[in-house]
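K.L.:
Residues per chain, in single letters:
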Amino acid sequence: MITVKHLSFSFGTNWVLKDINFHIKGGEFIFLSGPSGAGKSTLLRILHGAIPLQRGHGYVAGFDLSKLSSRQLPRLRRAVSVVFQDFKVLSEQSVRDNVALPLKVMGVAKDKIDRRVGAVLRGLNMDNKFDLLCKELSGGEQQRVAIARAIVIKPKLLLADEPTGNLDEELSLRLLEIFQQFNKHGTTILLASHNRRLLPKVEQARVLGLKNGVLATE
Amino acid sequence: MFIILRLCRQGLRELRVNICSQVMTLVAVTLIVFLGAMFILLMHNIKIQLYEDQGDISFELYWDKTLKESEIKRQWQMIKQFPSVSSITTYTPNKALKALSKTLHESVSLDWLKSSNPLPPTAVVTVKLTPHAAKKMVQEYKSRFEGMKGVKKVHFNPLHAQSTSSWISILHRLVWPFTVVLAFIIGLVIGNTFKLSHLSKREELEVLKLVGASRWYIQFPVLFGAGIQAILSTFFALLLLKLTQIIFLDLLNVPPIWIEIEFLTFEQIAYMVGLLTFVSIFSSWLAIRNY
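Line by line, the protein sequences are chains A and B. Counting in this note's numbering, the final residue of the first sequence is number 218, and the numbers go up one at a time with none missing. Counting in this note's numbering, the final residue of the second sequence is number 509, and the numbers go up one at a time with none missing.
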């Protein structure tokens, strides 16, 4: 699913990632741990195509990151979903519209969109909040909307960048359970977090530790 | 084709989001276009008045008295058909004598001159000059009239032709550069207004990019919406302009001014719509080109 070889990245003269090498198989649950400033977010942004690869090679869900054209980028993003710490939901739109967005972009028929969105939101216990605006939701609910939007397209790979960063312990654990469920259904999960207390909660998870831009597998 | 229609519908739907912001943009652009259109209307009417007041020249033609009257009358008919001839006033020798008598307020009897009338057959021909070719036209008509059989003398005021060219030249040299600069400034203001109006869309465009929307899917509805807003703004601005014209129509249509304010031509309106639509779409594209 993901293969990274000798990946390095710098912002100017500041080397954020140094000679990173790892491989993630399909269906794995990976924790990318490390303190703030270790380079976790930068690595995820590279894997999602948000910033271009500078040195090395990266293959994500069948896409070669070093040869990614502007036409291929949207296709990569339809295969690889991402969840952020700050949710990135459209606050002035409803829960339903937010979750339906990726399906509309893909040109899915309206009745199919309604069925899928309904199923995903029910799975996340959000079925009574379809028509509420996202700005009317709590932090945990908004994060669930972001997750729903990420998984409604049934991605091969889900990248999560500090998804529990703005949530309390209880919500964080619930979120982890949701991720575990998706992982059981075959979605590869790469979850970046500086919260080491979450690591033991997912038994089958593998940990990649990042410190000062250098990777060590724990 | 179907995808383009879908994206157009999406663009129209997006105009309903943040309706306050869209209305403010529409009002701002409408007022700016209205001000620009007022200036164009003013220049348009100044130009019309200039052409009407300065754009005519009168030639006085004097025929040989020995030429047959039928031949002279035939030539008068021919002159009437010349292009750009707006009017011709003709005088047979007797008619010329009567006109002279009238100018002397009939205080002096000129009946004794009837048998040996010294006045030649005369015509006063008014020609409408084309502003850019005034001098050339004057020379051409002078040569044409002088070449006509029996025409002994052609008289005109050369300073009049000069004056016409000068006024037109002033209009073009002074006004057109000013118009271009004004159009540029208006374009900048409108462009900036559209750019700022898209700030509120940033969040949505970021998310669209995130979920894998293609560049076309993101940009086309925004550009289409901007085009629609530009057309609507121009429409409302022209409505306001028409209302202004109706209100002020008779303001200058009084003696001795007699100036009727004319509305813009279809060509001018088409240019306005085209230019504004281009500016709005281009400035919107500048605002969202990285998405």
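It should be emphasised that the hints constitute simulated quantities derived from the structure, not laboratory data. Treat the hints loosely; a few may be bogus.
To be verified - No more than 27 Å apart at the CA atoms, straight line, and that leaves these computed lysine-lysine pairs for DSS-like:
#1 K360(B) / K112(A)
#2 K427(B) / K129(A)
#3 K427(B) / K154(A)
#4 K110(A) / K360(B)
#5 K371(B) / K360(B)
To be verified - Taking CB as the label site, the calculated pair distances span:
#6 L400(B) / A79(A): 33 to 43 Å
#7 Q181(A) / L249(B): 33 to 43 Å
#8 N195(A) / W434(B): 34 to 44 Å
#9 V235(B) / P35(A): 34 to 44 Å
#10 L417(B) / N195(A): 14 to 24 Å
#11 R55(A) / E485(B): 38 to 48 Å
#12 L400(B) / A50(A): 42 to 52 Å
#13 M219(B) / A79(A): 23 to 33 Å
#14 R45(A) / V235(B): 27 to 37 Å
#15 E232(B) / A79(A): 18 to 28 Å
#16 T397(B) / R45(A): 27 to 37 Å
#17 F453(B) / S66(A): 46 to 56 Å
Each residue gets a CB set at the ideal place from its N, CA and C atoms; glycine is no exception.
K.L.:
Next step is simple, just say for each hint if it's right about the structure.
P.N.:
Hint check:
Between K360(B) and K112(A), the direct Cα distance comes to roughly 83 Å. Violation of the 27 Å bound is thereby established for this hinted pair. Distance restraint check for K427(B) and K129(A): the Cα-Cα separation of roughly 25 Å lies within the 27 Å cut-off, and the hinted pair is therefore satisfied. A threshold of 27 Å between alpha carbons decides the hint, and for K427(B) with K154(A) the separation of about 18 Å falls inside it, so the pair holds. With a CA separation close to 78 Å, the supplied pair K110(A) and K360(B) exceeds the 27 Å bound.
As the CA atoms of K371(B) and K360(B) are separated by approximately 10 Å, the hinted pair is consistent with the 27 Å bound. Roughly 52 Å separates the CB atoms of L400(B) and A79(A), a value that falls outside the hinted 33 to 43 Å. For the pair Q181(A) and L249(B), the supplied restraint of 33 to 43 Å is violated, since their beta-carbon distance comes to about 56 Å. Separated by about 40 Å at the C-beta atoms, N195(A) and W434(B) satisfy the suggested range of 34 to 44 Å.
Distance hint check for V235(B) and P35(A): the Cβ-Cβ separation is about 40 Å, which falls inside the suggested range of 34 to 44 Å. Here the CB-CB span from L417(B) to N195(A) is close to 34 Å, at odds with the stated 14 to 24 Å. Restraint check, R55(A) to E485(B): a C-beta distance of roughly 59 Å breaks the suggested window 38 to 48 Å. The hinted window of 42 to 52 Å between L400(B) and A50(A) holds, with their beta carbons roughly 43 Å apart.
For the pair M219(B) and A79(A), the beta carbons lie near 28 Å from each other, so the given range of 23 to 33 Å is met. At about 28 Å, the beta-carbon gap between R45(A) and V235(B) stays in the expected band of 27 to 37 Å. Restraint check, E232(B) to A79(A): a C-beta distance of roughly 27 Å satisfies the suggested window 18 to 28 Å. A hinted range of 27 to 37 Å is violated for the C-beta pair T397(B) and R45(A), which are about 49 Å apart.
For F453(B) and S66(A), the Cβ-Cβ distance of about 51 Å falls inside the hinted range of 46 to 56 Å, so the restraint holds.
Checked against the numbered hints above, the structure violates hints 1, 4, 6, 7, 10, 11, 16; every other hint is satisfied.
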